Amino acid sequence: MPAEFSEQEEEEEGATAQQQRQQQSLEDQQQQQLQQSSDDEDDLILEPQEARWSGMETEGMKDARCSLLLQEEVPYDARIKVLPKQRVLVCQDKGFSSINASASGDNSNNNNSMNNAASNQPRRSASSSGEDNFYVDFKGTTILQLEPGMVLGAAAAESNNNHTTGDANGTNGNNASNSSQHKTMPITLTVGGRCMFTAENYQDFRVMMRTKEQSQEMSMAPNGNFDWPDVSSLLLCPCCGRSAQIPAPGRRYEYWMVFYPLLQITLLKGSQMTLGTRTICRLTCLDCMDDLLEGLTLRIQPGGNSNMVNGTSNKRLAFTLPAADVLAEAGSASFLEDAPPRPESHPLVDDMLDAWTLYNLWEHTGAWEALQNDYRLVL
Numbered sequence: 001m002p003a004e005f006s007e008q009e010e011e012e013e014g015a016t017a018q019q020q021r022q023q024q025s026l027e028d029q030q031q032q033q034l035q036q037s038s039d040d041e042d043d044l045i046l047e048p049q050e051a052r053w054s055g056m057e058t059e060g061m062k063d064a065r066c067s068l069l070l071q072e073e074v075p076y077d078a079r080i081k082v083l084p085k086q087r088v089l090v091c092q093d094k095g096f097s098s099i100n101a102s103a104s105g106d107n108s109n110n111n112n113s114m115n116n117a118a119s120n121q122p123r124r125s126a127s128s129s130g131e132d133n134f135y136v137d138f139k140g141t142t143i144l145q146l147e148p149g150m151v152l153g154a155a156a157a158e159s160n161n162n163h164t165t166g167d168a169n170g171t172n173g174n175n176a177s178n179s180s181q182h183k184t185m186p187i188t189l190t191v192g193g194r195c196m197f198t199a200e201n202y203q204d205f206r207v208m209m210r211t212k213e214q215s216q217e218m219s220m221a222p223n224g225n226f227d228w229p230d231v232s233s234l235l236l237c238p239c240c241g242r243s244a245q246i247p248a249p250g251r252r253y254e255y256w257m258v259f260y261p262l263l264q265i266t267l268l269k270g271s272q273m274t275l276g277t278r279t280i281c282r283l284t285c286l287d288c289m290d291d292l293l294e295g296l297t298l299r300i301q302p303g304g305n306s307n308m309v310n311g312t313s314n315k316r317l318a319f320t321l322p323a324a325d326v327l328a329e330a331g332s333a334s335f336l337e338d339a340p341p342r343p344e345s346h347p348l349v350d351d352m353l354d355a356w357t358l359y360n361l362w363e364h365t366g367a368w369e370a371l372q373n374d375y376r377l378v379l
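Start counting the sequence shown at 1; every next residue gets the next number (our numbering).
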């Protein structure tokens, strides 16, 4: 028995030693895998993130690196923008005007709001039809824009040391000199105001923002020479990328409306390269706008900012306010000074306009076209 017990003990000790070696080998493999995983994570951190795309961009927009989504790494600054007095041509969508003539009762009510918004503005000549373009003597106004800054990455920071920065508010010239640091075209946002989005608004914007294919389905002429993203881009928040809900009849939802410039490169007439530009309305989540405005300030000059250029002035008397407070003081339509007359149906500055009426307030007063002229100078 003792001899037999000793032999069994040796066999058990040998099996135990083999198990220990296998366990150690397994632990070594796990350690190597953990180390490899850690190295891979370090590589991912060092690699630059891909640009954000919505999937709605046209091929021409992709060629111009124009995305419908703001890039997360791009900081924004608030600045005061003065749109000067000028005579502007307000272009009308003839297809949209013709469909309005036979629209239903809900749409006709919306048109009344649109007409009220322009009731105190210079009227087109009596000989002009409702489908003609018309001139407006724009009185000038002051607005708020959110200007993209430099990308503060490692490579960008090194490159930034070799560049001379522009003014403190981040002008377009500064953006252009550092455009190589951006994954996509830098976007300057213009704050249009807070608004209520309705089912009727969706239908109006759907017609105005129709693509060429949709124009055929609607039996209407295309709205422009280029194809642009349709009404889905209106619903898409440029910050978080979530789409606004289409309201059911009788329902309404509150959003910020911002104006978003687009650019695309298209080949026309053989090999001729043509640039197309358009500014569109974008519904932006209230929380996303709060995040954009957080920590941003504006330099305000008592007695008016019309003499200020890009938010700066030679006068000493000026003070700084949070951008969110300045917008709140402006009211639902974000004209900071010299605001155009409001619709008769919503005379008070805090009266909330629906999205379509807010857009038409900008368009029929000439502010929209004055903004386009300013964007064209930059592009």
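A couple of the hints might just be wrong.
[Said to hold, decoys possible] The list that follows gives simulated cross-link-like pairs (lysine-lysine, DSSO-like), each with its CA atoms no further than 27 Å apart: (1) Lys212 <-> Lys62; (2) Lys62 <-> Lys139; (3) Lys183 <-> Lys94; (4) Lys94 <-> Lys139; (5) Lys62 <-> Lys183.
Simulated from the structure, these hints should not be mistaken for laboratory data.
All figures in this text were calculated on a predicted structure; none of them were measured in a lab.
These are the hints, each one checked on the structure:
1. Lys212 <-> Lys62: The hint holds at about 19 Å.
2. Lys62 <-> Lys139: violated, 37 Å
3. Lys183 <-> Lys94: With a Cα-Cα distance of about 37 Å, the restraint between Lys183 and Lys94 is violated, given a limit of 27 Å.
4. Lys94 <-> Lys139: holds, 26 Å
5. Lys62 <-> Lys183: holds, 11 Å
Checked against the numbered hints listed earlier, the structure breaks hints 2, 3; every other hint is satisfied.
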